[in-house]
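Trainee: Note that our numbering has the sequence shown beginning at 1, numbered continuously upward.
Hints listed in this document are in silico derivations from the structure and should not be mistaken for laboratory results.
Simulated pairs of lysine-lysine, DSS-like, Cα-Cα distance not exceeding 25 Å:
hint : residue 1 : residue 2
1    : 179       : 202
2    : 246       : 128
3    : 223       : 152
4    : 92        : 246
5    : 175       : 202
6    : 84        : 66
7    : 246       : 62
8    : 223       : 246
9    : 152       : 216
10   : 216       : 246
11   : 128       : 153
12   : 179       : 190
13   : 169       : 245
14   : 202       : 189
15   : 169       : 202
16   : 216       : 179
17   : 169       : 223
18   : 66        : 51
19   : 169       : 92
20   : 62        : 84
What follows is a set of in silico ranges between Cβ atoms, one per label pair, in the way DEER data are often shown:
hint : residue 1 : residue 2 : range
21   : 152       : 64        : 24 to 30 Å
22   : 190       : 109       : 33 to 39 Å
23   : 146       : 182       : 24 to 30 Å
24   : 216       : 246       : 19 to 25 Å
25   : 121       : 220       : 22 to 28 Å
Idealized CB from N, CA, C, for every residue including glycine.
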Amino acid sequence: MAEIYNKDTALQEDKVFSKKISKKFEFDEAVASVFDDMLSRSVPFYDEVRKLVIALILAEQKEDMKVLDLGSSTAKFLLDLHSKASVPLRLKGLDNSQAMLDRAEQKCQAFGAEIELEFADMLEYEYKEEDIIVANYTLQFIRPIQRLELVKKLFNGLNDDGMFIFSEKIIFEDKVLDKHMIDIYYAYKKEQGYSEYEIAQKREALENVLIPFTIKENIQMCKDAGFTKIETVFQWSNFVTFVVKK
1 MAEIYNKDTA
11 LQEDKVFSKK
21 ISKKFEFDEA
31 VASVFDDMLS
41 RSVPFYDEVR
51 KLVIALILAE
61 QKEDMKVLDL
71 GSSTAKFLLD
81 LHSKASVPLR
91 LKGLDNSQAM
101 LDRAEQKCQA
111 FGAEIELEFA
121 DMLEYEYKEE
131 DIIVANYTLQ
141 FIRPIQRLEL
151 VKKLFNGLND
161 DGMFIFSEKI
171 IFEDKVLDKH
181 MIDIYYAYKK
191 EQGYSEYEIA
201 QKREALENVL
211 IPFTIKENIQ
221 MCKDAGFTKI
231 ETVFQWSNFV
241 TFVVKK
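Build out the structure end to end from the sequences listed, making use of the hints.
Mentor: Structure follows, in structure tokens:
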């Protein structure tokens with residue numbers, strides 16, 4: 001059983017890949033226990049992107065507006081949104097990791113936040129009359145053959161004036177540039193305190209688990225799903241945030 005969450009305690013440091021891995025990457029208890037630290041140190045400008053997405057949602061906020069977070073993990077995004085909203089919002093998180101949901105539930109209780117959390121397969125979930133759907137670095141873990149199917153479901157589940165905001169790790173069509181960007185990203189991770197061994201271990205664990213698209217492929221996927229308004233609002237190296245509307 002996970003320990004009781006204490007909002008006054010410091011983040012647990014990510015040391016998941018400091019020893020030899022024995023399996024592919026998964027969102028288990030070991031990852032859930034350090035996930036907030038992992039995100040902040042592994043995803044460049046993660047905190048700034050989270051604030052940007054929240055600002056976009058707050059610009060549209062109205063009472064009882066539905067915001068659905070796909071792959072809500074420990075609910076950090078939803079808790080931040082809850083704390084900044086000036087009107088009551090209907091916040092919900094979906095995740096298929098019980099370890100993540102357990103952490104999220106503990107955090108929501110600690111902060112007294114009314115956020116609905118559900119264990120669900122986002123490919124099977126029934127999306128209905130959603131105002132805003134958010135997927136922060138989530139689609140990249142969906143098998144490419146199933147990704148378009150999911151985005152079509154999101155399109156059909158959004159209200160006519162709804163919005164889908166998602167952030168992804170991407171690859172570049174230019175393979176030389178792609179290699180340079182990967183090297184720049186690994187240098188960034190070293191600056192965050194990760195060793196070369198940890199970086200190599202995580203890369204091996206994520207192989208064939210995290211499968212990124214190019215920017216062009218992400219845009220085409222959204223078009224094929226039915227979206228007509230597709231913009232990028234942030235990019236640092238191989239990390240991009242998209243805002244799409246019907």
